[in-house]
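Asks: If you want the building blocks of each chain, they are given just below.
2 protein chains.
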Amino acid sequence: MVDEEFKSALGVLNGVMPPPLINEESVRKYKAKRKQLPSVDEFTAGILKGDLTLLSQAITLVESSLPSHAEIAQQILEHCVPFSGNSIRIGITGVPGVGKSTFIETLGLRLVNSNHKLAVLAIDPSSERSKGSIMGDKTRMEELSSHPYAFIRPSPSAGSLGGVARKTRETIILCEAAGYDTIFVETVGVGQSEVAVHSMVDFFLLLMLSGAGDELQGIKRGIMEMADLIAITKADGENIEKAERAKAEYTNALHLFPPTESQWIPKVITCSAKNITGIDDVWDNILEYIGLTKSNGYFDKTRKKQACYWMYETINQSLIDGFYHDKRIQKFLENFEKKVVDGEISPFKPAKILLEKYYKRRYIKLYYKRK
Amino acid sequence: MVDEEFKSALGVLNGVMPPPLINEESVRKYKAKRKQLPSVDEFTAGILKGDLTLLSQAITLVESSLPSHAEIAQQILEHCVPFSGNSIRIGITGVPGVGKSTFIETLGLRLVNSNHKLAVLAIDPSSERSKGSIMGDKTRMEELSSHPYAFIRPSPSAGSLGGVARKTRETIILCEAAGYDTIFVETVGVGQSEVAVHSMVDFFLLLMLSGAGDELQGIKRGIMEMADLIAITKADGENIEKAERAKAEYTNALHLFPPTESQWIPKVITCSAKNITGIDDVWDNILEYIGLTKSNGYFDKTRKKQACYWMYETINQSLIDGFYHDKRIQKFLENFEKKVVDGEISPFKPAKILLEKYYKRRYIKLYYKRK
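Protein sequences, first through last, are from chains A and B.
All residue numbers for the first sequence refer to the numbering used here, where the first residue is 18 and numbers rise by one.
All residue numbers for the second sequence refer to the numbering used here, where the first residue is 18 and numbers rise by one.
Where hints are given, some of them may not hold.
The list cannot tell twin chains apart, which means a pair is met if one copy fits it or any two copies do.
The list that follows gives simulated cross-link-like pairs (lysine to any residue, SDA-like), each with its CA atoms no further than 25 Å apart [as the list claims (entries may be wrong)]:
#: 1; residue 1: K321; residue 2: G102
#: 2; residue 1: K344; residue 2: Y384
#: 3; residue 1: K356; residue 2: E159
#: 4; residue 1: K322; residue 2: I286
#: 5; residue 1: K366; residue 2: Y326
#: 6; residue 1: K366; residue 2: C325
No lab work stands behind these hints: they were computed from the structure.
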């Protein structure tokens, strides 16, 4: 009864790994739960009405690695696509300790209190290393998370970066269909996921600490180059002077970068979530940016480019995943790996042999599925 | 007569794109040349004897995009693998202007004059942008390139980064089989190709200028983190003091990185190709590193890991290339791209449909080939 499929499905439904021991009671509960899975139409209608339970459940399906879940998720997505796109998508990044959650809570509360509907999504492929700060989102943003206009969703740390990011991209579509007009995508700013996030947002906000050089903060030049706005956080009390100095420094650094295609000149500002200063400034800059890029066509052009990017990303990921998930291929790979490591064959030889085997297996699978 | 295959083969043989107009004379010459292509055994025997013409020709076959060439190249490679591996592979990187060629010429001449056989390979996927500095290698390193113990080979700028890098990896094998005991792999240090190079060398040398912060030099933190040795170049005349200051700064910066798995403590030194100071120091450091890592097992372990990495890289690249080179799939992609851009379907939908079509086509191709 307790097969692999069940175990991983249970993990997905709970949003965590299943407990090591599974008793009959939980099997019964799971089966009951499974039978209750709504239809694609019920899901879509619920999401469009802004039903939080169905939205959460749909995101869980999107994040699931079960093929049966993936199929339903795909159908829900296709139904939601025509209702998506009507939001401002903002990427927010910064190293741990920069005060991301406090910043998001402060800005977020101001938005939901002026009737914006805000979804906060988080990508953290390295959460195991960084001690799971993101998984604690809901406790970190206590006030925001209990607000009826806010929806906070951490992404699972399992899976490849590409996979996690793609799921965040799909989650954006679901949230937009559910009526969220502002989407925050939060990352930890260590450089792995920022490129992926940059390819799914309209505006990229980089939070920086004053006092420490960007080298010490582990912020790579490439991330600074993507930023539409740099906000120096914690500019309060004794920090104000330091923050102003940092602002001047970063402003100079930004001048060294080539002009942006968007015609927007990236800015540096200081802010304090404690004193609630500069927070509105961030939002005003975002609105100004959106205004500019919508009028000069850059906004629309970028959205189209991003859609293309995700089409190709999904194809590439599917090609690679399909191959490595094939059990028979995995066996062959193990063998070849040994031979390559021992220097018996070149690292370039297995590709051709394995791919021929693989294409044959794929075709046979398709053939039997159709029969 | 003048078909696509011929055009691209001509391009490959000349190492440049073919002229826009092709006359009967060049067709005749090409055909004569083609008939002269040696057998795999002749190639292998020639390479093992250190025949430069056959080595160069074999590398050209490795770099060729023609399937018929790829097949011969593959066979030559498999024959050469058992004779490869007996060299020190050194990655050398630094931004344009840091003095890479002068440094390589100076160190290279010292090596070949003490009876080392040196191959200098260059990866430059962005050579079109950086005005082809690498294509001028032979003129840049005039004295070294005319030395009988030196072999200098720039890589073509065409193709994806993965493809170019893989070919460099294959070229290393051919050069080692031809008796080269020291291999330099040179890159331009802008961050795209350094990871690929790091995965094929034993030692990673980063050249830096004094006076400019690493931010201004465009050197990313990740590249600094890979360096086993940083050499501050042009430490001569008025520059000496500045170079010493930079040395202190970079030494401090290196202390911030976590300890390396190799147990080697990355160092910073100053050198001058003009005054020929510090050059021997670089080489001594390399030898010390090789000694340490060979005795603690890290050298061997890394080589094995790298072989695995290239096995997987080759598979991934083949999966992706196969798909995008399929003419029929390209047609479908164009159509889907339009629909995705217009928001008619989600970016996630085409993957499944296209992959099914593709696997079917692949199998049919295999089937007819076998008949």
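Asks: Does each hint hold? Answer for all of them.
Replies: Results of checking the hints against the structure:
1. Taking CA atoms no more than 25 Å apart as the test, K321 paired with G102 passes inside one copy only; the shortest distance there is 11 Å, against 47 Å between copies.
2. For the identical chains of this complex, K344 and Y384 are neighbours both inside a copy (18 Å) and across copies (23 Å), given an alpha-carbon limit of 25 Å.
3. Taking the closest pair of Cα atoms, K356 and E159 never come within 25 Å of each other, the shortest separation being 54 Å inside a single copy and 41 Å across copies.
4. Taking CA atoms no more than 25 Å apart as the test, K322 paired with I286 passes in neither setting, with 29 Å inside one copy and 45 Å between copies.
5. In this assembly of identical chains, the alpha carbons of K366 and Y326 lie at most 25 Å apart only when taken from different copies (13 Å versus 31 Å within one copy).
6. For a Cα distance limit of 25 Å, the shortest separation of K366 from C325 across copies, 12 Å, qualifies, whereas the shortest one inside one copy, 33 Å, does not.
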